[in-house]
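Participant: One letter stands for each residue in the lines below.
2 protein chains.
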Amino acid sequence: MTAVKALVFDVFGTVVDWRSGVARALKPFLVAHGRPEMDPFALADAWRKQYQPAMEEVRSGRREFTRLDVLHRENLEKVMQAAGIDAAPADLDALNLAWHALDPWPDVLLGLYRLKRKFFLAPLSNGNILLLANMAKRAGLPWDAILGAEPARAYKPDPRAYLNTAEILGIKPHELCLVAAHNGDLRAARKAGLATAFIPRPTEHGPGQTIDLVAEDPWDWVAADFQDLAEKTGA
Amino acid sequence: MTAVKALVFDVFGTVVDWRSGVARALKPFLVAHGRPEMDPFALADAWRKQYQPAMEEVRSGRREFTRLDVLHRENLEKVMQAAGIDAAPADLDALNLAWHALDPWPDVLLGLYRLKRKFFLAPLSNGNILLLANMAKRAGLPWDAILGAEPARAYKPDPRAYLNTAEILGIKPHELCLVAAHNGDLRAARKAGLATAFIPRPTEHGPGQTIDLVAEDPWDWVAADFQDLAEKTGA
Chain A
1 MTAVKALVFD
11 VFGTVVDWRS
21 GVARALKPFL
31 VAHGRPEMDP
41 FALADAWRKQ
51 YQPAMEEVRS
61 GRREFTRLDV
71 LHRENLEKVM
81 QAAGIDAAPA
91 DLDALNLAWH
101 ALDPWPDVLL
111 GLYRLKRKFF
121 LAPLSNGNIL
131 LLANMAKRAG
141 LPWDAILGAE
151 PARAYKPDPR
161 AYLNTAEILG
171 IKPHELCLVA
181 AHNGDLRAAR
191 KAGLATAFIP
201 RPTEHGPGQT
211 IDLVAEDPWD
221 WVAADFQDLA
231 EKTGA
Chain B
1 MTAVKALVFD
11 VFGTVVDWRS
21 GVARALKPFL
31 VAHGRPEMDP
41 FALADAWRKQ
51 YQPAMEEVRS
61 GRREFTRLDV
71 LHRENLEKVM
81 QAAGIDAAPA
91 DLDALNLAWH
101 ALDPWPDVLL
111 GLYRLKRKFF
121 LAPLSNGNIL
131 LLANMAKRAG
141 LPWDAILGAE
151 PARAYKPDPR
161 AYLNTAEILG
171 IKPHELCLVA
181 AHNGDLRAAR
191 KAGLATAFIP
201 RPTEHGPGQT
211 IDLVAEDPWD
221 WVAADFQDLA
231 EKTGA
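Heads up: the protein sequence lines correspond to chains A and B, in order.
Position 65 (the first sequence) corresponds to 65 in our numbering; numbering is contiguous.
Position 168 (the second sequence) corresponds to 168 in our numbering; numbering is contiguous.
There's no promise every hint is true.
Each pair may be met inside one copy or between any two copies, as identical chains are not told apart.
As the list claims (entries may be wrong) - Result set (DSS-like, lysine-lysine): computed pairs, CA atoms no more than 30 Å apart in a straight line:
(1) 232 - 137
(2) 78 - 172
(3) 5 - 27
(4) 232 - 191
(5) 137 - 116
(6) 78 - 232
(7) 172 - 118
For the record, the hints were derived by calculation from the structure and aren't laboratory data.
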């Protein structure tokens, strides 16, 4: 595994707790819109459920590359319609920025600062550059560059998302390692020739989570969290 | 000027001293290739002289977007041929990385750390993402994102380089300010609707520099260096 020069990270779920962060933003929004009885976590889940279908339009070629901020905003409109909430566009614009202001899991900052001494670090997320940069600025994530779907012009698990990222970094796919809490993401990365590291995030989807609790394939590294990954990679 | 939300920086000349850095890498290379009598600064200038014509091929549409590392490598080949130096491709590959390892001017780090408290900071350089990220990692430049020609898919002074950068940042052109030591870059930025800040770098081209010694137009800010710019912008 000494060939690995750069670590790239899935972000939503792996680096940050999107569900708590989005629910936190939804809570006062629901109160302000006269629906305090609604569960903000359920609404966060509903919003996230629109994520894959929206990207699939781009992956399939039916739609030209469109950044995630735009997809999130469209999805929010659908979620609000389904929930029967009538909100001003400016309020929805503001709520859409919840995805820019998510908190990292507790082990992330210490782990990243240690990993940064040995590796080039960047997000390889389906989030757009602005979203990821605002998140990093707020949380102090020490990325060396902001990579992902927007510079790669492709959404994971499209192989181009992984391969274009290696090309931007001027390295071979096997010199690039994806760190993710999702076995499916890692399977696609491995198929594209990347090295792989799994970190479980057993409460990403809340207390009743049933998926991605364990490594389902023999990934190159399996670690308990980012600090353990630093330990295991000798960083 | 309070509308400005993000500062983007020209890099070669404005943030880093490319001429000294490239000459520093050329010096041992010339010794190793039996040409210790050659002036590494003159050779650095000759290499840099190929920069605009190479990008012009892309700007004119005669060539598809090609990142600067590739153009630098091709230009180096020409420079070596003209100088009658026969070097192995691997040696030229290594020398090409001189552009990734340039030192910032003395005021840059203190200025950027102060500016970062108030503004979103990114390079808006013709350098590619890897070059700029390696430079930032080595020098400790605290960018919030790595922007520039590669994510914008256009070389300055093509207006798309400025406008696509504002679009990636989700802001209007007048909310984006270019900081540069080059009046021509600022003229193109202003034409595209950006705010402008001039910083003189009177030794960028060596002791006999005759161009860009002063602000040639009434730019929105004119500062002595990055620390003075922080002062003048209230950062």
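Participant: Confirm or reject each hint.
Facilitator: Structure-based check of all given hints:
In the homo-oligomer, the alpha carbons of residue 232 and residue 137 lie at most 30 Å apart both inside one protomer (27 Å) and across protomers (23 Å), since each shortest distance falls under that limit. For the homomeric pair residue 78 and residue 172, the shortest alpha-carbon distance between copies (27 Å) is at most 30 Å, but the shortest distance inside one copy (41 Å) is not. In this assembly of identical chains, residue 5 and residue 27 lie within 30 Å of each other by CA distance solely across copies; the values are 28 Å between and 42 Å within a copy. In the homo-oligomer, the alpha carbons of residue 232 and residue 191 lie at most 30 Å apart inside one protomer (23 Å), although the nearest pairing across protomers, at 52 Å, exceeds that limit.
In this homomeric assembly, residue 137 and residue 116 come within 30 Å of each other (Cα to Cα) both inside a single copy, at 16 Å, and across copies, at 9 Å. Within a single copy, residue 78 and residue 232 get their C-alpha atoms no closer than 43 Å, and across copies no closer than 45 Å, so neither meets the 30 Å cut-off. Taking the closest pair of Cα atoms, residue 172 and residue 118 come within 30 Å of each other only inside a single copy of the chain (18 Å); across copies the shortest separation is 38 Å, beyond that limit.
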